[in-house]
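Below, each chain spelled out in residue letters.
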Amino acid sequence: MKADSRGVLTGPHFIDGDHACCEGAIAAGCRFVAGYPITPSTEVVERIAQRFPFVGGIFIQMEDEIASSIAIQGAVWGGKKAMTVTSGPGFSLMMEHIGYAAMTETPCVFVDVQRAGPSTGLPTQPAQGDMMQARWGSHGDYGIIALCPNSPQESFDLTVRAFNLAEQYRTPVLLMLDECVGHMTERVIVPPADQIEITPRRLYAGAREDFLLYHPGEDLVPSMVRAGDGYRIHVTGLTHDDRGYPAMTTAAQDKKVRRLVDKIRRNANAITDYREDQIGGAEIVVVTYGITSRTAVPAIERARQEGIKVGHLRLVVVWPFPEIAFRELAGTVKGFVVPELNLGQIKLEVERCVAGKAAVSLVGHAGGSVHDPHDIYLAIKKMVKD
Amino acid sequence: MAEDVFETETESLPVNPVESYLRMDRMPHIWCPGCGIGTTVNCFAQALDGSDLDLDKVAIVSGIGCTGRVAGYLNLDSFHTTHGRAIPFATGLKLANPDLKVVVYSGDGDLTAIGGNHFIHAARRNVDMTVILVNNFVYGMTGGQVAPTTPLTATASTAPYGNFEQSFNLPYLAESCGAVYVARWTAYHVRHLAKAMKEAFKKKGFSFIEVLAPCPTLYSRRNKLGDGLDQMKYFKEQSEIKHGADTKTIALEFQGKIILGKFVDRERQTYLDTMNEYYSKHLGAAYTPYAG
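Those protein sequence lines, which keep their order, are chains X and Z. Residues in the first sequence are numbered consecutively from 624, following my numbering. Residues in the second sequence are numbered consecutively from 3, following my numbering.
In case anyone wonders, no lab produced these hints; they're calculated from the structure. Even for Gly, the Cβ is constructed at its ideal location relative to N, Cα and C. Mixed in with the good hints there might be a few duds.
A few chain X residues facing chain Z, derived, Cβ under 8 Å [what the hints assert, rightly or not]:
id, residue
1, Phe655
2, Met685
3, Ala690
4, Lys703
5, Ile856
6, His857
7, Tyr868
8, Ala870
9, Ala874
Calculated from the model, a selection of chain X residues having no Cβ within reach of chain Z, i.e. all distances over 10 Å [said to hold, decoys possible]:
id, residue
10, Lys625
11, Thr859
12, Thr873
Bound conformation, chain Z alone (with noise of 0.2 Å):
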């Protein structure tokens, strides 16, 4: 009788429209309370909701780390690949099979640390793939270590006495390199970042979007932040939206004003588009362009 009832009231429950997107027999995830990844998945699940792609044709690929475990709660052709090497697997996948939509999910020290080489390289090609990028600031899963994306004075377990290194400006560098779409959002501006993934989605050749993110277990309470909300607040309040920003302009300071917005949208020749191009002029009618 008590199973009726139960049943009963299950079914009568809505169903929340992302749940289709996740897998959620792995649900409950490992993120923290208060930490912003899992609200970026979210953006992430509706702007594929909002998007016309086939999922069955649409495949993530993150590297190590809390962001890193993105891929594995997907429920879409899905790989967790090395620390750092999410781009190069990635490459590897766009290129066997070019009909695939690649999206490449990962934090800031798998994706400009150890697996900076490979950032660049990409975009410099313009490999076909989408980056999204959640920059917390720090090293989450081993315990709040000093990053690339540290803003300096920043304290960190492994910057005691705060951060002195310069630390990078992502939306710069991915242009410099050849991004034909940057842009920057935080885990506050879920509308405004679920509709630039569905921007960068349409975008031929390496697009890429820094989401900021609150980690309040290992940057907030170090720096004496506050919690989630704290950072969520400061993300509100300093944020100014500016499309279109010159992005050497537009680098992070520690609890300073935070620029966003979409910064970069041209177009340049995919590196398989490039290639086959190339090859059918210069090789011939011998020369079978390449799909895959």
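Chain X on its own, in the form it takes in the complex (with noise of 0.2 Å):
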């Protein structure tokens, strides 16, 4: 289906990251939002809160994160598309609700703007430490879908795709900004709504004596429906079988968990996105994410002025991870140089695919501010040498 006309700003706008994340939300058919004040975050549930009452939504500041990450799973087993908003110490109080939305498959958006941990850390400044914490932390093992947007027009296309994903896959989708794209004013192009596919919700119409809300179709989705719509419904962060209805045996937390990893598993050439420049015939590939996959260039276009095969391998969708992408470069290329600001997260990822087919080097940064672009270029002329 398209969007609802009534929230799509169309037309060029210059606004920043988190501003464009807003519009992003509405344009998806997001209607209900509760947020924390957090910074670098703050600026899309400001936006939020000044739109939402001409479009029809509501936004609620709750009285901390985790109010806010639960009160979102509310509303959309009350039938709408929700999302919360914040930056790493919000991030980490959310967690037990991230499992809760995994194991529940209830569809939603997390928004993460990082800036430099742990802690409290720098609240005003950029980094990339919460790219493992996407991945596994909450407890327990399900699989997760997260985006790394590196442009304010990004920002607002991968927030539509974050709802997409999430009524796709019944599942919480995390989308990891980092402060320099949050608060990054660029040119950004919102399209007409009848432009932008917006996926609806998997609901069930049949009679309510058939209806399992746990009963995965062909590709290991469940579909669902509203509270008051009469299915009298039980969802609970227990294990349950296909009823909802707790179930303690090992049997039912197999089957559970593995379809909660294997929908998004089996499912992952659908969800992954990168992309690729100069990969072909490359002997070094730069990986990078969200605003290091900006720092990168200098480096890289210096590199290939001296002659060397640089290529450039920019993730979009982190998680899942494209290990096959990985697992075939790594016969090909001489090494991979992984620029992060972190000290070494998505290198272990890298290095995991490639299995020791090819060299990984970290350009690790603790975060604050971006790379020296120079920093990335040694880290290429070092390994050509090596």
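With the hints as a guide, bring the two chains together.
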């Protein structure tokens, strides 16, 4: 289906990544947002609070991030598309409810505008230190989807996609901005509503007695209903059977949790998104996501001017990780250079996938600013020499 | 032949009228013999039975713990959420679909310790929901640990020499935060309780009922108070019904006098009505009142 034109501000805008995220959410059909103020994400909810009264939405500033991250799930079962927005310390508080959304298969969006941590860290300055937390932060096993925009335009586009993926796979989706992308102001083109594709909720409409809230389709995703539709559903974070009833057995646990992992893993090819630049014949591949994809460009260009064959692989979807792409590349390139605003998180994933068949070099940065492109250039040069 | 006899006998048995409100395919429940939670659920079913609510539009939300299991046994749209977070979940549910009657049904530890912050803010905002809090004075599910409701000097597994912390006076807390309906009953006072639940369903805004209930396994036993029946006798003998009592004066003491009744019944505009009125006034015709 297409976006509801009432919420779509079609045309060119000069806005930052946080505001673009807000517009993406409204275009995607989000009409419930719960949040708690935290730098550098607050601009998203400030704009939501301003815009929602005119598009039929409800914004509520909750008492903390824990409340925000579960209020959105109540709203989803009440029939809304919903999201919450935060930064590192708040993201830490939301971990339990990412798990609840995964376990109860509640489609919703969590936005994390990353700042430098741990703890309060550097509240107004960038980092990418929450990438492994995004993958593994809640306890137990589950699959997850995480997207990393590198511009305000992409913040708009990927917010729409985050909502669509959440509905398609009945899963929480994480939108992992960083402070730079959140506060960077650029031109953003909002397309006409009829050019924005929206994935509707997979609502079941058959007989009540035939309905099973957790009986999956072929793609491993079950359809759902809303509270008040007359199905008398039961939703629990306890391990449950296809009816949604608690089932305290190892067999029920195995069945449920395997499907939670498999529904992302088996659909990974449809979810994954990465951009390649001169990968064919490359000797070195620079792997980036978010803001590092932009700070790496001068380094890559300089190395290319010197005749080094450097490819650039930018992860747009970080989780699920494009394992196959890396496995295939590992046999053809000398090595990977991974600049990150953390001290080595996605680098570990690259290492796991290339399994020793190519060198992997981290250009780590603890956060607080972006990389000096020269450091990335030096890492490329070093890898060529070694 | 034997089957025929059995079927005939089954058909002649009267059906318990509360059965249609329960998920009978989930019985037996997990609660201990003598526990008061099941009694309160019986009252809840009777309150639903006597109300004019469309049951397809009633949603029940629980947190974690013994009382947290209530949602799973009721034949309604039911949500068993995370520990302490039933109220913010219910807030989202109610605001998303204002046609629903949303009831939060959970325990004292869940709603006033880990969930205490949400409790006071939902009451302050006057989100339209009924909160039924079963207070058994301890954390039952995890083995009888001290709670914010454990009376002074009562022992608990994590207060082995007696509790020295001041406990909450929950009706006073609810009233001071803005609840429009506040009552306290016990699992002994089943008719009063069912009636209070029915009254609370009719209130627009944040309504709150504290229900004292025996936990024979983990509270009475450790405190040498006998079994569930003994605790019911205590509720019967030491209770005094004082409607309209000043909530400041009704704090509970270890095995002391219990003041019961309806303490608060007032009108206050709900969160949604306030939002709609405020925005209509300040934003004018550009604002279409939100109706879900």
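Going through the hints against the structure:
no.: 1; hint: Phe655; result: holds (6 Å)
no.: 2; hint: Met685; result: holds (6 Å)
no.: 3; hint: Ala690; result: holds (4 Å)
no.: 4; hint: Lys703; result: holds (4 Å)
no.: 5; hint: Ile856; result: holds (6 Å)
no.: 6; hint: His857; result: holds (5 Å)
no.: 7; hint: Tyr868; result: holds (6 Å)
no.: 8; hint: Ala870; result: violated (11 Å)
no.: 9; hint: Ala874; result: violated (18 Å)
no.: 10; hint: Lys625; result: holds (21 Å)
no.: 11; hint: Thr859; result: violated (4 Å)
no.: 12; hint: Thr873; result: holds (19 Å)
Hints 8, 9 and 11 from the earlier list are contradicted by this structure; the remaining hints agree with it.
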